[in-house]
Amino acid sequence: MVRGRALNRFLKRPAAVAGLVVIVAFVALAVLAPLIAPFDPIATSWTAIRKAPSALHWMGTDENGRDVLSRVLFGARASLLAGVVSVSIAAGIGVPAGLLAGFAGGWVDAVLSRIVDAMLACPFLILAIALTAFLGPNLTNAMIAIGVSTAPRFMRVARAATQEIAGLDYVQAAYTLGTTPLRIAVRHVAPNILPPVLVQASLALAAAIIAEASLSFLGLGQQPPSPSWGSMLNSAQRFLTQAPWLAVFPGLAIFLCVLSFNLVGDGLRDALDPRGR
Amino acid sequence: MKLGVRIAQVIPTIILVSVLVFCLQQLMPGDPAIVLAGEERGDPRVLAQIRAELWLDRSLPEQYWHWISNVVHGDLGHSWRTRQPVAELIAQKLPVTAQVGVMAFLIAVLIGVPTGVVAAVKRDGPWDYLANAIGLAGLSMPNFWLGIMLILFVSVDLGWLPASGYVSPWEDWRQSLATTVMPAFVLGNSIAAILMRHTRSAMLSVLDQDYIRTARAKGLAEMTVILRHALRNALIPVVTLGALELGTLLSGAVLTEQVFSIPGFGKMVVDAVFNRDYPVVQGVVLVTALLFILLNLLADILYVLVDPRLRRA
Chain A
331 MVRGRALNRF LKRPAAVAGL VVIVAFVALA VLAPLIAPFD PIATSWTAIR KAPSALHWMG
391 TDENGRDVLS RVLFGARASL LAGVVSVSIA AGIGVPAGLL AGFAGGWVDA VLSRIVDAML
451 ACPFLILAIA LTAFLGPNLT NAMIAIGVST APRFMRVARA ATQEIAGLDY VQAAYTLGTT
511 PLRIAVRHVA PNILPPVLVQ ASLALAAAII AEASLSFLGL GQQPPSPSWG SMLNSAQRFL
571 TQAPWLAVFP GLAIFLCVLS FNLVGDGLRD ALDPRGR
Chain B
587 MKLGVRIAQV IPTIILVSVL VFCLQQLMPG DPAIVLAGEE RGDPRVLAQI RAELWLDRSL
647 PEQYWHWISN VVHGDLGHSW RTRQPVAELI AQKLPVTAQV GVMAFLIAVL IGVPTGVVAA
707 VKRDGPWDYL ANAIGLAGLS MPNFWLGIML ILFVSVDLGW LPASGYVSPW EDWRQSLATT
767 VMPAFVLGNS IAAILMRHTR SAMLSVLDQD YIRTARAKGL AEMTVILRHA LRNALIPVVT
827 LGALELGTLL SGAVLTEQVF SIPGFGKMVV DAVFNRDYPV VQGVVLVTAL LFILLNLLAD
887 ILYVLVDPRL RRA
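Residue numbers (this note's numbering), protein chains in the order written: chain A, 331 to 607; chain B, 587 to 899.
If you're looking for bench data, these hints aren't it; they were derived computationally from the structure. Note that CB positions come from ideal geometry on N, CA and C, so glycine has one too. Hints should not be assumed to be uniformly reliable.
[Unchecked claim] Quick look at which bits of chain A chain B covers, simulated, 3 or more residues with Cβ under 8 Å:
id, region
1, 457-464
2, 532-544
[Stated by the list, open to error] Chain A side only, calculated, beta carbon under 10 Å to chain B, not exhaustive:
id, residue
3, A440
4, M449
5, I584
6, V588
[Said to hold, decoys possible] If you only want the chain A side, here are some residues facing chain B, beta carbon under 8 Å, derived:
id, residue
7, V438
8, L442
9, D447
10, A448
11, P453
12, F454
13, L548
14, L550
15, L563
16, R568
17, F569
18, Q572
19, G581
20, F585
21, L589
22, N592
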């Protein structure tokens with residue numbers, strides 16, 4: 331019933347619903363890219379180098395004669411995949427660690443919290459760059475780097491929520507009934523820390539997509555010729571005067587995608603926690 | 587929180603950061619000695635010499651101890667590429683990033699704080715929605731794309747400002763301003779959005795309080811109430827949150843410096859990554875983390891000094 335009410339509150343926010351619609355559209359375009367893309371995203375063509383947008387090439391062609399629209403569509407795959415995989419890694423490390431820290435308290439909490447402090451002290455992108463540098467630059471390592479750098483945020487959120495829930499009467503009642511701590515943590519506490527974790531996840535998705543685009547822009551993510559929005563912007567920069575359209579569309583795609591995840595994240599936060607704001 | 591406790595908490599964090607940075611090196615695939623030896627990688631004597639020099643033939647705890655005792659003495663190792671001390675390289679590049687960073691922060695405050703105040707005062711009105719929409723757009727815009735678009739319009743189309751490069755203010759301050767104002771705006775933009783959100787919520791909680799109603803009841807002009815009474819108190823949490831944004835600033839600097847070809851800290855770390863110059867990458871991570879920890883400690887101390895209510899705690 332509580333969830334139904336939260337869903338209603340979410341659906342009453344036009345901006346959040348619009349964000350959700352755009353995300354669904356991006357996912358559909360990414361999944362259907364091989365079917366709907368008008369051209370092969372990596373096929374070069376000497377006769378179609380740097381052509382402005384036209385009826386044939388809606389977003390123009392790039393410095394190798396590749397169709398920009400097809401590359402933007404396939405680029406959505408890299409961005410969304412990077413977002414989902416790195417946030418899953420982050421939640422997979424951060425949530426159990428936060429649950430453990432919040433539930434166990436004492437020295438376990440102290441040690442985990444100091445490790446999180448140390449990781450949060452390193453600027454997010456610089457840590458991610460350093461990790462990809464040492465692991466070797468490719469999309470998989472970029473996703474691992476972003477995931478590991480994001481994990482401390484999930485740990486903090488999960489820890490705070492766990493501490494709040496662990497103090498509630500029903501958890502104390504479960505103790506009195508002789509339930510084992512592990513069972514309490516998994517069955518009684520974990521499902522109830524889901525709302526703040528979900529909000530964190532949608533905002534982290536937005537940040538992860540920007541981070542993947544940033545790493546690919548720097549040449550540390552998706553490697554050419556595979557399309558990614560960030561690496562497309564990197565090569566677009568060299569042709570700003572001759573082919574400005576190359577810089578417009580991939581950036582617009584990142585902006586729209588990230589904006590939508592932020593709108594959904596804000597909507598979820600307001601819907602799940604009506605006390606906030 | 588007691589200041590002593592807060593300062594004591596910083597020490598284990600700094601030690602853990604150093605361990606973390608040291609561990610980065612262990613992720614590296616392959617043998618660093620072979621990378622360093624270059625053409626002479628077939629000569630076992632050269633490899634042995636490099637390993638001995640860099641303590642690579644010792645156990646990990648010994649390697650860490652060797653590395654950290656050098657770091658404590660200000661020696662961050664040498665660049666594998668140029669053989670220059672890493673500390674010297676960082677000291678050369680940091681002022682450039684600091685100049686752009688300070689300008690970015692000023693721009694962020696000038697945009698973020700007034701829009702946050704207007705949004706809070708005109709709560710739920712059209713100005714509030716507009717400010718929130720612009721804030722959200724600012725947060726969602728990848729700053730390297732904003733930089734590229736600005737270069738396209740301001741430099742390529744209008745020809746008002748140089749598209750890239752950097753001139754030191756000691757050489758020619760006008761030219762220096764011209765080369766740094768666009769990067770500073772790009773860098774400040776996302777922080778402005780964060781400051782706007784914080785200022786808005788801090789103002790909203792202050793505007794509800796009794797002393798504001800008293801000030802209005804006294805017949806003070808609304809402008810005086812907002813600026814003298816409300817904003818002054820709302821700004822305290824905003825200032826400390828500003829210190830937390832140093833990380834955003836440094837992360838953003840990596841991208842902005844790349845877009846505008848500014849020879850700062852961020853460009854140095856990207857170049858180091860491509861040259862596989864690992865000591866430089868390690869040094870940069872360590873120095874940025876230490877800066878972040880110290881600035882936040884300073885912000886906490888200032889917070890206590892500025893707000894008398896926290897002093898006795």
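Each hint, compared with the structure:
no.	hint	in the structure
1	457-464	holds (count 7)
2	532-544	holds (count 4)
3	A440	holds (9 Å)
4	M449	holds (7 Å)
5	I584	holds (5 Å)
6	V588	holds (4 Å)
7	V438	violated (15 Å)
8	L442	violated (11 Å)
9	D447	holds (5 Å)
10	A448	holds (4 Å)
11	P453	holds (4 Å)
12	F454	holds (5 Å)
13	L548	holds (6 Å)
14	L550	holds (7 Å)
15	L563	holds (6 Å)
16	R568	violated (11 Å)
17	F569	violated (11 Å)
18	Q572	violated (10 Å)
19	G581	holds (4 Å)
20	F585	holds (6 Å)
21	L589	holds (4 Å)
22	N592	holds (5 Å)
When each numbered hint is compared with the structure, violations occur for hints 7, 8, 16, 17 and 18.
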